[in-house]
Structures are given as C-alpha cells and as structure tokens.
Amino acid sequence: MTSVSGRSWPHMTSRDEFRFLSNLVFTRSSAGQTMVSLHDHHAGTTRFANNQVVQNVDTRRGILSVSVACDGRHGTASTTDFTAGAIQDTLVRAERIARVSPFDPEYLPPPPPYEFPVRDTARSETVAAGPSRRLEYANEAIGQCRMENLMAAGIVSSSMTAVGIAAGNGLFGYEHRGEARFSLTVQAGDATGWSAAAHRSIDHLRVQERTLAAIRKAKSGRDVQELPAGDYPVILEPAAVAGLWAWLIWALDAKSYAKGTSPFAGKLGGLVVDERIRLRNMPDHPDLLGEGFTAEGLASGASVWIDHGILRQLVYDRFTAKADGVDPIPTLDAPALSVEGLPVASIQDLVKNTERAILVTNFWYIRPVNARNLLLTGMTRDGTFLVEKGEIVSAVKNFRFHDSPLAVFQRIEAWTHPMEAVNAEIGKMLVPAMVLPRFHFSSMTKF
Numbered sequence: 004m005t006s007v008s009g010r011s012w013p014h015m016t017s018r019d020e021f022r023f024l025s026n027l028v029f030t031r032s033s034a035g036q037t038m039v040s041l042h043d044h045h046a047g048t049t050r051f052a053n054n055q056v057v058q059n060v061d062t063r064r065g066i067l068s069v070s071v072a073c074d075g076r077h078g079t080a081s082t083t084d085f086t087a088g089a090i091q092d093t094l095v096r097a098e099r100i101a102r103v104s105p106f107d108p109e110y111l112p113p114p115p116p117y118e119f120p121v122r123d124t125a126r127s128e129t130v131a132a133g134p135s136r137r138l139e140y141a142n143e144a145i146g147q148c149r150m151e152n153l154m155a156a157g158i159v160s161s162s163m164t165a166v167g168i169a170a171g172n173g174l175f176g177y178e179h180r181g182e183a184r185f186s187l188t189v190q191a192g193d194a195t196g197w198s199a200a201a202h203r204s205i206d207h208l209r210v211q212e213r214t215l216a217a218i219r220k221a222k223s224g225r226d227v228q229e230l231p232a233g234d235y236p237v238i239l240e241p242a243a244v245a246g247l248w249a250w251l252i253w254a255l256d257a258k259s260y261a262k263g264t265s266p267f268a269g270k271l272g273g274l275v276v277d278e279r280i281r282l283r284n285m286p287d288h289p290d291l292l293g294e295g296f297t298a299e300g301l302a303s304g305a306s307v308w309i310d311h312g313i314l315r316q317l318v319y320d321r322f323t324a325k326a327d328g329v330d331p332i333p334t335l336d337a338p339a340l341s342v343e344g345l346p347v348a349s350i351q352d353l354v355k356n357t358e359r360a361i362l363v364t365n366f367w368y369i370r371p372v373n374a375r376n377l378l379l380t381g382m383t384r385d386g387t388f389l390v391e392k393g394e395i396v397s398a399v400k401n402f403r404f405h406d407s408p409l410a411v412f413q414r415i416e417a418w419t420h421p422m423e424a425v426n427a428e429i430g431k432m433l434v435p436a437m438v439l440p441r442f443h444f445s446s447m448t449k450f
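Quick note: the sequence shown, position 155, residue 158 per our numbering, numbers continuous.
Just so you know, these hints were derived from the structure itself, not from any lab.
Hints are supplied without guarantee of correctness; some may be wrong.
[What the hints assert, rightly or not] Taking lysine-lysine and the DSS-like style, the derived pairs with C-alpha atoms no more than 27 Å apart in a straight line are:
#	residue 1	residue 2
1	Lys270	Lys325
2	Lys258	Lys400
3	Lys392	Lys355
4	Lys258	Lys270
5	Lys449	Lys222
6	Lys400	Lys355
7	Lys258	Lys325
8	Lys270	Lys392
9	Lys355	Lys222
10	Lys449	Lys400
11	Lys355	Lys262
12	Lys222	Lys400
Go ahead and model the full structure; you've got the sequences and the hints to work with.
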C-alpha cells in the first residue's frame, strides 16, 4: 500500500483492522509460532534550498510482515497489499522460507502477552499538519535568511505511523506515533550555521528561534582564524554532546561485553564517567520520542543506565538476556543525560564563565578508531569558535578530533540543564551543554 501526493489512499490502519488482519494470519498458520507486525506510515516533507522551496510532498507506505517458526527454523515475508489474498500469500512465503532455513540456536518464541503502557505518542496538531503548515514554517525560515542576505537550506516534516505487533500466543500491541522535524543550514560565504528540532508536536519546533540561532552562527563564522592542533578546553553544545554519547550508548551492547570486546568490559557496576552523570531512559518525558513497545514486543519503560557515573545496565537482545537471567529487559528508546549539582542557565553563561576554550556547535562524520577504548574521530562543523575571557572572540577553522568519550567525560567543569539535541546517529536525546577541561583536536580540516 504505497502512494504519493496527488493520489488518494485509505485511512490509517486502525487497531481493530490490525487485530482482524493478524487473526486472519493466525487462523491459517501451520507454524509453531507466528508473529505479525504493522508499520503504516504517512509522512509529509517540505524541502528548501537556495532560499526557495524545492519539494513539498506527502508519501504513504504500509507494510505488514509475517514471521513464522517451527523447531528453531524461522522465516519472514512482507507485503504492501493488505487484501486477504495477499496476506495469505505472504504467510505461505514465510512458511516456505522457514522450511528451508537453517536451525537458529538463538531463536526464541514471541514474548508472553503484556499490557503495554499507553503513551501520548501522537499529537493531534501534528496529525492535522499538512503541506500548507509545513510550507508556512519553511517560508518563515527562508524569509529570515533573505532579510540577512544569507542562503537557507533544510526541511520541515511531519509524520503519522500506525505501529502494531501481535503473536499467536495472545501478545498484542498497537499505537499511533506522530513526529515533526525541522532542520536548517544557513550559509554565509564559506561559513555555516545549523539548527534542528524533533518533537511529537509540530507546535514545539520553535522555528523562528532556531532560525535566528543558525543565522547568528553563520554570521559569526565569516572571519575565521587558524589555531594549531592540540589539547583544548571545550564548550560542547548539546548536539556535540549527543554525537559523542550516541557512540557510548551503542557500546553498551551486552554480547560484546560478554565476549570481552566492549570498552566497558569488566566495568558493569563500576565508575565509567564523571560521578555526577546520570543516563536514564525516560519514555514518558514530553520532549522525548518514547514508545510503548519495541519491534521485539518488549515494553518500553523508565530505567537507569548510568547512576552517579556507575554503569548499571547493558543493552540486551532477548536471547542474551535469557542467558544472563535479565528480566525485564531494559530499553533505551528515550535517552536523557543529566549532571547532578548546580547548572548554569544557558550556553551563554557557560561562555561568560570560561577563561579560554573552543566552542563546538556540532560534530559530523564520527567514526570509531579503536573499539576497545572507544577512540573516535570526527570533525567539528556549523560553528566552531574561540572563547577568551568570557567572550567569543572569533570563529576558528574546523578541527578533526581523536578522542574517546570515556576519557573526555571523566571530568565536567560546568553544565546547563538538559536540552533537546537532535543528530543523525541517535535521533533525539536530552543532554546538557558542557565545559570539559581537555579535548584532543588532532588536525585542522581543509574547510
């Protein structure tokens, strides 16, 4: 079930419709275990570049997947056609795949039935937002940039997704998930400024505020000086903090921990970062994108992962969790980082209280260098500045860095309250901006 703007499509698949479709599969399945999942996605995107809108489209795609298993052999097939005949064909294909698949020693039957939490995952204002609303926000950003003789490029998007999971043992979950996003890059000659937002409510994107912030960064970055590579104190804005913590979160994998290849190997229950840091999963937080259940059929719930710098949890798949006796399995779909103690009010206050540091707006193209100690490399972008005696004195040419978040977050000198941070690696987090006493920039970039 796929369509684009200008063509009609049926309404979103309802809870009752999904239950009917999944029961249709269960009554016809001959497998020992059967699961059905739904992902019915309706999204609209407005793209703009060179101060003009270049695309304003709606897309719709619905997918129903059937997974079957018998005696440790399993297979999955999917369809975009929700008619009874197509679903029957999908079940037949899944069973055929299972019969010729090798035995999987890690296969587990579906989780038992569970009463999943009901969360406010779809806001009416986001569901109702259409091309005209997105165009209004895009033109607001474009207009602000035109007044400053700057170039704007970015997106405004809104989406609505019906998500369902069901199993022959009675497991059933269904929810609507809505989301809106805004991303803007402002160009002033060779300098750029950037801002991004993601929220359940399209009314919380704060387009004007974020546009003005990106404009300030671009204008401030016009006159660039070169600084030598080396160790510097840094002020990391939330996007930069989240970019590093995304890799730290990925490293929490329980399988690599058991193999001894994790940078956290042997450190569960021990101090891994500054003792004031807490990492929690907060799926009920209104500014995060928490969900009721995972694709595996597990309930998403609040949990503590790092408490006063001590590692408390690992990320488990169901097989590894069963082997290690972990129940319930913690989830990390809505990560929130905080620092205990007295925060300052804003990033501007961090700057005012800093004698000398490099202010980093964001990192990009972060890649691992050494998985054993989580050494990473990447580059600064969209605003890198020299701070001296409480003031931003100039933009500086972008740096490449080589450092590990496990090293740089051992000590934090100052921080703000948690703020929204959006990046390509982890989606969305709540993290504070931070002052770190040492960060290693290994070279300047060519741009």
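Verification of the supplied hints:
{"no.": "1", "hint": "Lys270 <-> Lys325", "in the structure": "holds (21 Å)"}
{"no.": "2", "hint": "Lys258 <-> Lys400", "in the structure": "violated (40 Å)"}
{"no.": "3", "hint": "Lys392 <-> Lys355", "in the structure": "holds (7 Å)"}
{"no.": "4", "hint": "Lys258 <-> Lys270", "in the structure": "holds (14 Å)"}
{"no.": "5", "hint": "Lys449 <-> Lys222", "in the structure": "holds (20 Å)"}
{"no.": "6", "hint": "Lys400 <-> Lys355", "in the structure": "holds (22 Å)"}
{"no.": "7", "hint": "Lys258 <-> Lys325", "in the structure": "holds (12 Å)"}
{"no.": "8", "hint": "Lys270 <-> Lys392", "in the structure": "violated (39 Å)"}
{"no.": "9", "hint": "Lys355 <-> Lys222", "in the structure": "holds (20 Å)"}
{"no.": "10", "hint": "Lys449 <-> Lys400", "in the structure": "holds (8 Å)"}
{"no.": "11", "hint": "Lys355 <-> Lys262", "in the structure": "violated (46 Å)"}
{"no.": "12", "hint": "Lys222 <-> Lys400", "in the structure": "holds (14 Å)"}
Checked against the numbered hints given earlier, the structure breaks hints 2, 8 and 11 and satisfies all the rest.
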